[in-house]
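K.L.:
Chains L and E, in that order, give the protein sequences. Counting from 1, one number per residue, gives the positions in the first sequence under the working numbering. Counting from 1, one number per residue, gives the positions in the second sequence under the working numbering.
Hints are computed from structural coordinates only; laboratory data are not their basis. Among these hints, one or two may not hold up.
The list treats identical chains as one, so a pair stands whether inside a single copy or across any two.
[Claimed, not checked] Lysine-lysine pairs mimicking DSSO-like chemistry, simulated, CA-CA at most 30 Å apart: (1) LYS593 x LYS326; (2) LYS232 x LYS311; (3) LYS21 x LYS639; (4) LYS88 x LYS660; (5) LYS305 x LYS346; (6) LYS88 x LYS346; (7) LYS530 x LYS279.
One-letter residues, chain by chain:
Number of protein chains: 2
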Amino acid sequence: MSTRKELANAVRFLAMDAIQKAGSGHPGAPLGMADMAETLWNDFMVHNPANPGWWNRDRFVLSNGHASMLLYAVLYLTGYDLTLEDLKKFRQLDSKTPGHPEHGLTPGVETTTGPLGQGLATAVGMALAEKMLAAKYNREGLPVVDHYTYVFMGDGCLMEGISHEAGSLAGTLGLGKLIALWDNNGISIDGQVQPWFSENTLARFEAYGWHTEDVDGQDGEAVKKAIARARKITDKPSLISCRTAIGYGAPTKAGSASCHGSPLGEEEIEGARKLLGWKHPPFDIPAEIRSAWDAKLEGQQAEKKWNNLLKKYEQAEPQLAEEFEKRMNGDFPAGWRQTLTDLLEKTQAAGGQEATRNSSKKILDVLGPLFPALVGGSADLTGSVCTKWNGAKDVTPQDFDGNYLYYGVREFAMGAIMNGLALHGGFIPYGGTFLIFSDYAKSAIRLSGLMEQRVIWVLTHDSIGVGEDGATHEPVEQLGMLRLTPGVRVWRPADSVETIVAWLDALRHKDSPTCLALSRQNLPVLDRTKYHPCEPEGPGETCTPAETMLASIKTGGYILREATGGDPQAIIIATGSEVSLAVAAAEALEEKKLRVRVVSMPCAEAFDAQDVAWRCKVLPTNVRARLAIEAGAVDWWRKYVGLDGAVIGMRGFGKSAPGKVLFNHFGFTVENVVKTVEKLIAGKSE
Amino acid sequence: MSTRKELANAVRFLAMDAIQKAGSGHPGAPLGMADMAETLWNDFMVHNPANPGWWNRDRFVLSNGHASMLLYAVLYLTGYDLTLEDLKKFRQLDSKTPGHPEHGLTPGVETTTGPLGQGLATAVGMALAEKMLAAKYNREGLPVVDHYTYVFMGDGCLMEGISHEAGSLAGTLGLGKLIALWDNNGISIDGQVQPWFSENTLARFEAYGWHTEDVDGQDGEAVKKAIARARKITDKPSLISCRTAIGYGAPTKAGSASCHGSPLGEEEIEGARKLLGWKHPPFDIPAEIRSAWDAKLEGQQAEKKWNNLLKKYEQAEPQLAEEFEKRMNGDFPAGWRQTLTDLLEKTQAAGGQEATRNSSKKILDVLGPLFPALVGGSADLTGSVCTKWNGAKDVTPQDFDGNYLYYGVREFAMGAIMNGLALHGGFIPYGGTFLIFSDYAKSAIRLSGLMEQRVIWVLTHDSIGVGEDGATHEPVEQLGMLRLTPGVRVWRPADSVETIVAWLDALRHKDSPTCLALSRQNLPVLDRTKYHPCEPEGPGETCTPAETMLASIKTGGYILREATGGDPQAIIIATGSEVSLAVAAAEALEEKKLRVRVVSMPCAEAFDAQDVAWRCKVLPTNVRARLAIEAGAVDWWRKYVGLDGAVIGMRGFGKSAPGKVLFNHFGFTVENVVKTVEKLIAGKSE
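This is chain L alone, in the form it adopts within the complex:
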């Protein structure tokens, strides 16, 4: 029988050889962590390589994603749909084995990692998901949700701020089935960490309320005992410090930063073969070792056992089971779309004015009871960002059967935790903070886009409308920043009606994160008597006024107010709070006998995805007198107004004053818009 060390060495040599073949990569961490991986996967991980999507699998997160070859080797060895050929294509174009693990490209990769620290926080989200689902659905003797979440992470993850945010919250919540193993090798890229990382990390995590262990990470048996102890602690997450040598096995480079980020070289690898007594050529894993790693049969049995449990559950708790399965399948509740269409009709008819953050809250009041998967929360701004709907129930350290999370002032962790909730399955997470603080969470939002996860950000206080809180709290470049981020949909609705469509769009895009930029201040429900509706979507579509309105707004950019008396001489494009200004200006211009169309463009990503016919209908190529108005950075809008148009926007930071004063101060006035459009029509660009 193969020894633990031999099994671990299989990982080591697959990693060394693949990195060598690729000509780049990070051998240090896989070599150091191979014993930890061997123990975790062969003694603890409950998973089914044939079905990486099995709901009740243990989750594994490689937070130090540069150790990707460790994970690929383990996935290959345990029997996932990953071949030796795939390993040989490590880091090559469109292979299943990119430089850092990317969810969606490789079976068994639970989350995309590389940007350090986020893996831990995402794992907190997964462990939280497990605990919340268990609290909601498990019944005596019927634990249909019952798995662990394991994390590997390095010193870098622990230096990053997000490790604090996530660690502190996980401790407070007592996530007992979260077990993190720290590759404590004392080395980061700049060398021995002592001069920049000398904290007592275990004491830090104890202060967070974690259980901690400290073991020789190169001793598989010691690691096993520590994991076993950690599993017995059910009311605290666990951090296991595994003392390792970076590049373990490399004869001259082990223990130094030099083996972190480059192939070891043929000679060093040969030396490692001798040192570790590994007699097999590159990419050649003996059958005995493969067989010892193979988890297919065990995995199949585990899933089968769980399927039997689920059957019992379905019999004992048919209603719960149905809801649970619908949630995990991501099914939409019946009638949800009609409910929103009805709300839209009512909202349009009611008129009046409302801050879109409040509109969002009213929509949540409707959606909340419909979608058991919706889990809300805020980074300590619940009242301001209006994320807690009337029937929402708090998740607390004492009760996880809820759907509202208090993340504390931790925007970045909130983003990564929402990614974890979405990745886990069974959840549609949404979280609120001020738009300005998307800055803190930027990298997590990017990862949502890269992973194609439906994470919904409720980003209120979306402009200088913030007012007195001043420049530090007034977003300027954030709308552009988010729009430039691939895969992210940004909605900035102009009124309550558009806010409904924004939420609808966010929900139905299962593969996209959405940022909802909402106003602090009241916005009038727009007069749509002069709007130019789109055609019904297809022969099967109903076309009630509300449905048509919904279909129009859903295009992301539509004619809210058509010029009267002929083709438009100018087009004003606006979003959010600036749309009503655009309409008022268009009316003033009409009095001067100028024909001006107003396009509301709440979601540029949606608009860009329309066919060319729609786009040219809304923004005819020949109308170049175009003005964009948005209380955000101007440059992004050149995309739609070109060199001949103009933008009224922000060219610097905001200021501290009442919001209305600021809108005047920065030129968001009918007078300025009228003047600018007149110039454009006269053929003078800026």
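Use these hints to put chain E onto chain L, whose structure you have.
P.N.:
Chain E only, in chain L's frame:
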């Protein structure tokens, strides 16, 4: 004589009354922290209200910036140039008293705060500045640099990840003159913090190596003793937990989140008057209390005493004193510009190819010895980002007389610490990480822009040129994100020559942060024989070829290669690694008898600041066949190519493969550029 409580109450009522008058603001924190402030400012702070720029003053940072009225009240009472009228204009347009403290708007405000946690990290930068300057310049009996850095902060600051990054590093560095007072009121916006913030914060900071204290924050004497003890601990930073009641003194709202972010209301304020025994009308501070707070005389004496010390120092250490004073004054070393011009000339002549990250390192090799104020560092990527010049000396916990910092994997704290170093004076901080990780530090970069601080970011691996590390490490939207951020200058040099100018520009813009986006891969030194130089800057200017080249590049956008045989039919605008591609394509197009100009645009902010004559010379209004090429998000470039042009850029995330493969894959090829330009000339836009 006024009691401590009476003195503290003066702050309380100024805060309550100003917030009430403004109709918005945050009374809770000022009321809770008034006793802490009273003790700190009246018993410890060494400062001179008449000269807020005195080099050796104690620094005070209000990390929970929403408590701004506390700071304004203290600055008013101690005698800064801030009147009662200014307090009455709290949160009004262009007043000296914005909603959150903004450096530059109010005398005595050391840094802009509001985005939570960053104040603490900025204070770490200030304390580090003090310790480094002291190590370098102080001599036996001549401590010309000798001050404390004090911080007030709230629960929110401590929940944010950056508090971990900064706290851990400050502990490792043993910044003994950093004393942070935590407004430990157990309340954040969402209520009692226990369900989301139950960590043992003092134990956490002890794990970082901090000294901690735990006192009744409403007891000025107890706070005084704790600060006195903290000052005696010289090898550790100190965290003093001051247990307080939010909104202390408000009869019905104290101790609850309801007093956090809204005026208390007239009735509640009247109740507070009764409860606290405060008999004076709004904005009326009795002379006795004003006199007890007044720090003008004491401040004048303190500065005078220090001036005498400086005189002795100048006599004893004339050379050191000269260097110290030049540094603190921000003087440039003689000949620095000529040195860079010479280097530019040599670099252009030498030709060859080089990654611009390496060019940057060679420039630092030249600048380092010239600028004692330059302090470099990296977030654990020193070798990769090439930030450590040959003579640079490490700052270590044992030796602060150095100029290179190991920040660890803490990008956000690095940004805030650099802000602190710059704000302190005596430093030109630069720090390196990968461009992708500017995401982690975004908010700190924004604050550099808002505070107009010369902080230089060395952001390497600036595109898909990253290659095999893949999508997680390949910036796409980051260039646009940084360019959209007000006040930030972004340089993406095309070769070694432009990199020199980028550094020169970054240094001479004393009031702007600069982001240098540098390549991982080699870039050829561009052939400038066909370039179209700008005119000499003025009659007094020399115009050697190198000077002219420098002047051209400094404009941010210049004609690198003029079309031959007539006016250009098309213009290709490119930056960084894509410029040589543009040149190659222009040459291929020339063979097809098409006249194409290539504009290198390393810094759009610089270009936009040129006069219209230069801008129209480089990009003539009538040439609409424009192509922008940049391996970043495309939309931003519409600014220069408009609706009739085209952009070759990134429309999604990168991939993992060798860099060259990726450039081909994503269309950065001569063939694609040629094809696109031909279409544009034929009048077909995208």
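K.L.:
If the cut is 30 Å between Cα atoms, do LYS88 and LYS346 qualify within a copy, between copies, both or neither?
P.N.:
neither (59 Å within a copy, 44 Å between copies)
K.L.:
First find the shortest C-alpha distance between LYS530 and LYS279 inside one copy, then the shortest across copies, and answer within, between, both or neither for a cut-off of 30 Å.
P.N.:
neither (79 Å within a copy, 60 Å between copies)
K.L.:
How would you label the pair LYS232, LYS311 (within, between, both, or neither) given a Cα cut-off of 30 Å?
P.N.:
within (28 Å within a copy, 68 Å between copies)
K.L.:
Under a CA distance limit of 30 Å, which applies to LYS21 and LYS639: within one copy, between copies, both, or neither?
P.N.:
neither (43 Å within a copy, 43 Å between copies)
K.L.:
I want to check one pair: LYS305 and LYS346. Are their C-alpha atoms no more than 30 Å apart within a copy, between two copies, both, or neither?
P.N.:
neither (50 Å within a copy, 74 Å between copies)
K.L.:
30 Å Cα cut-off: does LYS88 pair with LYS660 within a copy, between copies, both or neither?
P.N.:
Cα proximity of LYS88 and LYS660: across copies only (19 Å, versus 62 Å in one copy).
K.L.:
Have a look at LYS593 and LYS326 and pick one of within, between, both or neither, based on CA distance no larger than 30 Å.
P.N.:
Intra 57 Å, inter 64 Å, cutoff 30 Å: neither.
Going through the hint list in order, the structure does not satisfy hints 1, 3, 5, 6 and 7.
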